[in-house]
Structure formats: structure tokens, C-alpha cells
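Peer 1: What follows is each chain in one-letter form.
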Amino acid sequence: MRLDVETRKDFPILDRFVNGRRLVYLDSAASSQKPRSVIEAMTRYYETHHANVHRSIHTLGEEATELYELCRDRVQRFIGAPAREEVVLTRGTTDGISLIAETIGRTLQPGDDVIVTEIEHHSNLVPWQLVARAHGATMKAIPVRPDGTLDLEAFDRLLTDRTRVVTFAHVSNVLGTITPVAEICRRARAAGAFTVVDGAQAAPHLVIDVAALGCDFYAFSAHKMLGPTGIGVLYGRRAVLEQLEPGRGGSEMIKEVWIDHAQWNDLPWRFEPGTPPIAEAVGLTAAIEYLEKLTMPRVTDHEQALAQAAIGALAAIPNVRVYGPPAGVDRGAVVAFSVDGLHPHDVAALLDAEGVAVRAGHHCAQPLMRCLGTVGTTRASFSVYTSPDDVTVLAAAVAGLETAL
Amino acid sequence: MIGERTTPYSDVIRQRWRRPAFRGPLPGATAVAEDVNPLCGDRVRMEFILDDGLIAAARFVGDSCAICTASADIVAEKVLARSVPDALALTTHTLLEALDADIRPTRMRCVTLPLGVMQTALRTLAAKPAPEAGR
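For the record, the sequence lines run as chains B and H. Counting in my numbering, the first sequence runs from 1 upward without gaps. Counting in my numbering, the second sequence runs from 406 upward without gaps.
If we strip away everything but chain B, and leave its shape as in the complex, we get (with noise of 0.2 Å):
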């Protein structure tokens, strides 16, 4: 059975109208709609398990407790790390790539270089200013090539014995590139650099092996994968874990506390200052026992084949001009287009009037649209429960937008 017939029953809020018209929900890589068994496993753990956790010694906070650390193990087995000890739960995508930003930027001396893409969300590249200017670092940028793919000779040029730390997204928000990350983390590597992956637009969509990809850190967001906002995961390499001192402080973190001075706790609590988002970690428990049942090759098989239906019918269309890797090349769920004489925003306000939720504006990556020539593009993105029919109905209104305006 095709995904998204198995699956749209789940979704509560695909029953929506919007403007008179059936939601077509095409923004999924801005935030993924929930299946009903994440809303309720987050409600039930309210209403009959909640209290704070790792310390309560009682029978509430003990069950609290079990349902946040089950979690982790789920995240574990989902993105293939070797240890539970390697999960760090975060608030998100961008505090884990934060907390990571923050850990080893006090690490980082004058002279040194974090080497990020031209293809990096805002949250992968505003972190990594900030302690570069604090610590005399200088950022540099593996171009992109006009056909949405990372410029590897470049990167070569780029990485030198004071490169410290390499960080790019799996899966471009935009594009859709899927970039090489087991061959960028070699030359990394090999090059004696931390290696940071963004992974809010691939860990949704696609197999993580985080072990085969030979990251030193993987970040991504429970709500672009079906889960709740609030909360998501930094898989940091355990070997380079040990060695960091924390970046945050607070408790939960901490093994004993003086005055003057404190002793770290054991990975990962070390890096989990604070009391953690408990109810969004048992609905990201629910979600990744959603997306395993489906399979995650399946959900891979089903957004390719919706993206790659998307350039065509998108690019059929006369004005219309479709960003990314060619037809037919692997991409992530989502395709970006623009239509001519026509602003982003307006096309998103004019589509949503037809019930068709899409993304416009500069999706958080002004540097990449500056490579591009525009000031933005619309967007749109595709999940499991996204339909064939769904892209129909998108292609039909870009079509009828000609004379909207």
C-alpha cells in the first residue's frame, strides 16, 4: 500500500479545511504534522506518569525517569549509534548544534578556522560566528555549485592543520542536496578537524548511520520528524565527548558541586544541563516507533518519488523555475521553486488561499540565496502522509497563479 494511504488516518489535522478548501500540508521540513499516537503518548504521560526526573524517589519520577531515558535508547537504535552514552538530548537542531558551537568554541585559539557550506541554515552558521569572533576564529565556505552540489576541490583548498572544525548539513533545506558526509568527515578527519553534521532535514527522511557516516557530532529536531517541538538530539562520538569540558552548567550535569568548583556528571548527563523536555521525549519515542514500523527506506522511497513528481510538474509549467539537483538525482523532501513576476510571499499567500500550505522567504539561508540571485523562493516539502495528489493540486494552483496578481 502507498505510504501515505497507510498512513493519512493517523494525522488528525490532515481533516482540516483551510479556506474552504482540504489542507494540503507542504511544509513538513518547517515542522511535520503529528501522528495521533505522539499526541497521545504525550497527554497519557501527563496524565498519569509525570514528575521531574533522575532524582524524584518516588514511584512518579521513577516512571518519569524510565520514560525519558527509554527514549534515548530509541534515538540510539534509530540513528545507529554505538552507545546510549553518545545521545545528548537538546531543545532542538539549533541548541544542539549551539551546545556543540559553545563546547568547542572555547577550545578555539586566533588563527583557527570553522569551515562551514554555503548552503548552511542560519542555525548552523550564526552559532559558529559567535565563538569564532569570540575567539579570534575565522569562518570559511565550501562553495556550492550551480547544480546544488558542494564543491569538494574547493574543499580540499579550504582545510589546512588549522582547521578545528567542519560542519555542514546532511540534506540542504533548500536544494535538497544530499551532501557526501561520510567522504567529507573522512577528509576531516584526516585533516585533525571536529566534524559537525546538520541533520534537521535528513533524519526525517532518510536511513542515519551515524557510525557509517564517521561524524564526531550529528544534531537534529524531534518536529520535523513527527515528533514534538521542544525537543531534539546531539549524537556526539564518545571519544571526543570524554575529552570536552561542558559548555552549559546547571544541574542534573554535575556529580558534586562547591563553591568555587564542580565535578561533571557521566555522558550524557553531562551535557544535559537543566530539567530535560520529558513529555517531547516520550513523544519522540512515539515518533520513532511510527517511523520504524513504516520503515525509514520506505518513507525515503515514498518523499523521492513525491519530490521527483514535484520537478516535473513544477517545471512544466511555463515561469516557473525549479532550484536543486536535476530530475531524477536523489535529493531530500523538498523542492524549491520560483515563479516569475511574482514574490515568494505573495505566491505563498495566493496558494494558501487555495488551502496549500507552502514555505516562502529566504528559508533561513540568505547566504545561499545570494548565490542563487533572489531574495527568496517557495518551497515545498513532503512528509509520509504527503499525497500524489497533494503535489497535483500544488502544481494545478502554481499554474492557475499567472493571472492571480
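Source of the hints: derived by calculation from the structure; they are not laboratory data. Think of the CB as a built atom: it goes at the ideal place given N, C-alpha and C, for glycine as much as any other residue. Be a bit skeptical, because a hint or two may be false.
Pair ranges (Cβ atoms, derived) [unchecked claim]: (1) G274(B) x L493(H): 40 to 48 Å; (2) T497(H) x D266(B): 49 to 57 Å; (3) A315(B) x R423(H): 22 to 30 Å; (4) T497(H) x L130(B): 32 to 40 Å; (5) D505(H) x G20(B): 18 to 26 Å; (6) D416(H) x R248(B): 31 to 39 Å; (7) K255(B) x T525(H): 52 to 60 Å; (8) R22(B) x E502(H): 48 to 56 Å; (9) R248(B) x R423(H): 39 to 47 Å; (10) T525(H) x G373(B): 26 to 34 Å; (11) G20(B) x Q420(H): 41 to 49 Å.
Partial pick of chain B residues on the chain H-facing surface, computed with a CB cut under 10 Å [said to hold, decoys possible]: (12) V207; (13) A353; (14) H362.
Looking from chain B toward chain H, a few residues come up when the C-beta cut is under 10 Å (computed) [stated by the list, open to error]: (15) V240; (16) E242; (17) D352; (18) T374.
Chain H: place on chain B using the hints.
Peer 2: For chain H alone, coordinates are given in the frame of chain B:
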């Protein structure tokens, strides 16, 4: 299709988007400012020439959406032949009335960006001594 349905855009917005009366650079401008809408990256620049304390010419330049373009066009039109204090008194409410559209909160910045840019440009002028401002 979409053209047959109600859209978020009024006739005023459509007309000013298609044929803005005040778009384009203003050579010799004496008061200039520009700003960006952080939500979309749109950039609007407004340019003014003052003559004897009154705004003698007003133009805008920018790559922006229909609402923002219409708003900039209305701002330029409204401040024409007004004194700086009068122009600075222009409100969002007046712009919304002129746009004649039901602007949602997510698009309000599209309306207010040109207004803020105009105010920035003219405030720098207002802060200068009067003769210089009126030159």
C-alpha cells in the same frame, strides 16, 4: 482557478504592485534610508527631496512583495507636499485603510517596513538644523 477566488489582495494592492507610481531611484535625494524585513529578506529603500521644508519628491526602490510594494507606493504618495512633522505622523492605520485589504499579522511587517524606512530617513533630517533640512 485562483483568479476567480477571493485572494488576500485588494484591487489597490494589485494596481500598485503592477504599476507603482513612485518606484525608482530619485537622483539628488537629500533624505535616504533603507531597511530589511527579517522575515523574508525584502529590502526597501526610500528617497526624498525637500524643498522649503516640504517634501517635494519621494521615491522607493526595492525588491519586495506586492503588499510591501503597494505600501511603499502609498507612503511616497502620502508624504508628498507635506512637512517633515506631518509625514512623520503618518500611521500604520492610515496605510491599512489605503491598502483596503485584510492584512494578516504575518504580513504586517510588509506594510510597516516602508513606513519605518520613511521615518528613519526623515528623522535624520528633522534632527538637523532647519535651514539645512530645507535646502
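Peer 1: Run every hint past the structure and note whether it holds.
Peer 2: Structure-based check of each hint:
Evaluation of the 40 to 48 Å hint for G274(B) and L493(H) yields a pass: the beta carbon distance comes to about 46 Å. A C-beta distance of roughly 55 Å is found between T497(H) and D266(B), which places it inside the suggested range of 49 to 57 Å. Hint check: A315(B) to R423(H), Cβ distance near 26 Å, so the stated range 22 to 30 Å holds. Between T497(H) and L130(B) the Cβ separation comes to about 34 Å, which falls inside the hinted range of 32 to 40 Å.
Checked against the hint of 18 to 26 Å, the C-beta distance between D505(H) and G20(B) comes to roughly 22 Å, which is consistent with it. Checked against the hint of 31 to 39 Å, the C-beta distance between D416(H) and R248(B) comes to roughly 54 Å, which is inconsistent with it. About 54 Å separates the C-beta atoms of K255(B) and T525(H), a value consistent with the hinted range of 52 to 60 Å. For R22(B) and E502(H), the hinted distance range of 48 to 56 Å is not satisfied, since their beta carbons lie about 34 Å from each other.
Take R248(B) and R423(H): their Cβ atoms lie about 53 Å apart, and the range 39 to 47 Å is violated. Between T525(H) and G373(B) the C-beta distance comes to about 28 Å, which sits within the given range of 26 to 34 Å. A hinted range of 41 to 49 Å for the beta carbons of G20(B) and Q420(H) is inconsistent with their spacing of about 26 Å. A least Cβ separation of about 34 Å between V207(B) and chain H goes past the 10 Å threshold, and the interface hint is therefore violated.
At its closest, the beta carbon of A353(B) sits 5 Å from a beta carbon of chain H; the interface hint therefore holds under the 10 Å criterion. Taken as an interface hint, H362(B) checks out: its beta carbon lies about 4 Å from the nearest beta carbon of chain H, inside 10 Å. Violation of the interface hint for V240(B) is found here, the shortest Cβ-Cβ separation to chain H being roughly 35 Å, above the 10 Å cut-off. Annotation: E242(B) was flagged as interfacial toward chain H, and the flag is violated, the nearest CB pair being 39 Å apart, outside 10 Å.
Residue-level restraint check for D352(B) holds (minimum Cβ-Cβ distance to chain H is 8 Å; threshold 10 Å). At a threshold of 10 Å, the smallest CB-CB gap from T374(B) to chain H is about 9 Å, leaving the interface hint in force.
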